[in-house]
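Novice: These are the residues of each chain, in order.
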Amino acid sequence: MSKSRVSGWALVLMVVAAVMLTLAPVPEALRALRPFWMALVVIYACLEWPDEFGLGTAFLLGLISDLVSGVVFGEHAFRLVVVAFIMLRFRSRIRFFPMWQQTAAVFALLLNDRIVTWMLRTFTGEFAIDWRYWLAPFVGALLWPWFFLLVSDLTQRRRSKSP
Amino acid sequence: MPVQSADQTQLFSGHGAGTLRLVVLLAIAAALMASDARFGLLGTLRRHGAELTRPVYWLASAPKRLGQAAVDYAEDRSTLLNENRSLREQILLSEAKVARFDTLVSENESLRSLLDARQRLGLKAQLVEIVDIDLDPFRQRLLVNRGSNAGISAGQAVLDGRGLIGQIVDASEHTATVILLTDPGHAVPVRVERTGLRSIAYGTGAADRLLLSHVPFSANLQPGDRLLSSGLGGRFPAGLPVAVITEVKGDRSATFAVAEAKPVAGIEQVKQLLVLEEELSAISADSVESDPDFIGPPQGLAFPPAQSP
Numbered sequence: 000m001s002k003s004r005v006s007g008w009a010l011v012l013m014v015v016a017a018v019m020l021t022l023a024p025v026p027e028a029l030r031a032l033r034p035f036w037m038a039l040v041v042i043y044a045c046l047e048w049p050d051e052f053g054l055g056t057a058f059l060l061g062l063i064s065d066l067v068s069g070v071v072f073g074e075h076a077f078r079l080v081v082v083a084f085i086m087l088r089f090r091s092r093i094r095f096f097p098m099w100q101q102t103a104a105v106f107a108l109l110l111n112d113r114i115v116t117w118m119l120r121t122f123t124g125e126f127a128i129d130w131r132y133w134l135a136p137f138v139g140a141l142l143w144p145w146f147f148l149l150v151s152d153l154t155q156r157r158r159s160k161s162p
Numbered sequence: 000m001p002v003q004s005a006d007q008t009q010l011f012s013g014h015g016a017g018t019l020r021l022v023v024l025l026a027i028a029a030a031l032m033a034s035d036a037r038f039g040l041l042g043t044l045r046r047h048g049a050e051l052t053r054p055v056y057w058l059a060s061a062p063k064r065l066g067q068a069a070v071d072y073a074e075d076r077s078t079l080l081n082e083n084r085s086l087r088e089q090i091l092l093s094e095a096k097v098a099r100f101d102t103l104v105s106e107n108e109s110l111r112s113l114l115d116a117r118q119r120l121g122l123k124a125q126l127v128e129i130v131d132i133d134l135d136p137f138r139q140r141l142l143v144n145r146g147s148n149a150g151i152s153a154g155q156a157v158l159d160g161r162g163l164i165g166q167i168v169d170a171s172e173h174t175a176t177v178i179l180l181t182d183p184g185h186a187v188p189v190r191v192e193r194t195g196l197r198s199i200a201y202g203t204g205a206a207d208r209l210l211l212s213h214v215p216f217s218a219n220l221q222p223g224d225r226l227l228s229s230g231l232g233g234r235f236p237a238g239l240p241v242a243v244i245t246e247v248k249g250d251r252s253a254t255f256a257v258a259e260a261k262p263v264a265g266i267e268q269v270k271q272l273l274v275l276e277e278e279l280s281a282i283s284a285d286s287v288e289s290d291p292d293f294i295g296p297p298q299g300l301a302f303p304p305a306q307s308p
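Protein chains in written order, with numbering that gives the first Met the number 0: chain X, 0 to 162; chain Z, 0 to 308.
A portion of the hints provided could be inaccurate.
Claimed, not checked - As a list, the in silico DMTMM-like pairs of lysine to aspartate or glutamate whose alpha-carbon atoms are at most 25 Å apart:
| id | chain 1 | residue 1 | chain 2 | residue 2 |
| --- | --- | --- | --- | --- |
| 1 | Z | Lys-96 | Z | Asp-159 |
| 2 | Z | Lys-270 | Z | Glu-74 |
| 3 | Z | Lys-63 | Z | Asp-75 |
| 4 | Z | Lys-96 | Z | Glu-82 |
| 5 | Z | Lys-248 | X | Asp-129 |
| 6 | Z | Lys-270 | Z | Asp-71 |
| 7 | Z | Lys-248 | Z | Glu-259 |
| 8 | Z | Lys-261 | X | Asp-129 |
| 9 | Z | Lys-270 | X | Glu-27 |
| 10 | Z | Lys-63 | Z | Asp-159 |
| 11 | Z | Lys-270 | Z | Asp-159 |
| 12 | Z | Lys-63 | X | Glu-27 |
| 13 | Z | Lys-96 | Z | Glu-106 |
| 14 | Z | Lys-270 | Z | Asp-75 |
| 15 | Z | Lys-261 | X | Glu-27 |
I should point out that these hints are in silico values taken from the structure, not numbers from a laboratory.
Bound-form chain X, shown alone:
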């Protein structure tokens, strides 16, 4: 019980941080490099808390992202559900990958998400992409090891403290 409560709080904090990082203004040149933070949160949650975290939670986080970033309702929800589904399916394998393979898996997931987004926006009919569109997955994958180590360090410390 205490474990699930810790993970619940950790998830809330991560979501708040992801929203802030998604919205924080950066120089024009760096804007396209911004990784899909919420997907990193979902991937982490799928890896670490598969009992508490499911597709429904991913959907909810997606709706929050939609609201905050002001895009069409359901777009982030769709993307995050896809990410969570793939992640939960291959969780037992990815969990025991060495870090570089895990990073490669995250990269593949983020790239897939870019393709899904492309598809969705083609359907909703307002999109033009250039090559910078494909940069964000690289940044996301490069950040993944640090993100993973940082978050698991913090949550692990909390968990060992609780009886």
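Following the hints, put chain Z in place on chain X, whose structure we already have.
Specialist: Coordinates of chain Z only, in the frame set by chain X:
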């Protein structure tokens, strides 16, 4: 040990990631997207949601505001004095210009009344500030800090000091979303200042590029031509600067020319924008030839009118 048991439940019950759940959730998401994008059913939800997101936006832009405040504070006194002096000079200059402009306006009005032309509405505008939030970089949208309770509604034209920027696409109570001219889903009716040719400038998704397609070669479009809003369609008032032609080339079929244009408004630089207060009449007096029954070839195909200096 907890790790192992978690894996086992994952393997056998597959809870949390069942294909059925996936299909149902994706269907809900798709339905949401369709009802929001195609039918606009979720407008009220969005408006209430905007109230919730306001503090989030405020918080997310806080670090930059703090940094800016620190920079402002640390700015040298002498640079401030210098700036002050040059601003004073500019004010003097502007005042002189405004005085001249006032006389021109009154002269213009008297001439118009003499001609018995329809009185053109004076542009009533409201100053709004851009909220410093990055929405998706691949969508040409901006968020501004005034909404429906300041009288802003969807469809109003938005400009900066230099020219047209876009229009309000969605207004919630305290914020509004501006769709830029350069959004791929946006088009603005324009008129070439030099020849009078009317056309439509489409957004491309790139911040510094508009596209005019299917322009006849005989229209004699040249790089450097200025595009003004034509006022047709009733969204934008006529005569606002929109863009400058940068390149003209043939399209694939080589029967029409395609022109690229660069918006004149400094979308990346400005902080404040003007929102025009009322929608203007569908066709304003000077957008079409003064004869309202004018029928004939598009102006660009007709003989070019005499140039005014």
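Novice: Confirm or reject each hint.
Specialist: Outcome of the hint check:
no., hint, verdict
1, Z:Lys-96 - Z:Asp-159, "holds, 19 Å"
2, Z:Lys-270 - Z:Glu-74, "holds, 20 Å"
3, Z:Lys-63 - Z:Asp-75, "holds, 20 Å"
4, Z:Lys-96 - Z:Glu-82, "holds, 21 Å"
5, Z:Lys-248 - X:Asp-129, "holds, 21 Å"
6, Z:Lys-270 - Z:Asp-71, "holds, 16 Å"
7, Z:Lys-248 - Z:Glu-259, "holds, 9 Å"
8, Z:Lys-261 - X:Asp-129, "holds, 18 Å"
9, Z:Lys-270 - X:Glu-27, "holds, 14 Å"
10, Z:Lys-63 - Z:Asp-159, "holds, 23 Å"
11, Z:Lys-270 - Z:Asp-159, "holds, 9 Å"
12, Z:Lys-63 - X:Glu-27, "holds, 14 Å"
13, Z:Lys-96 - Z:Glu-106, "holds, 15 Å"
14, Z:Lys-270 - Z:Asp-75, "holds, 23 Å"
15, Z:Lys-261 - X:Glu-27, "holds, 18 Å"
Against the hints set out earlier in the document, no violation occurs for any number.
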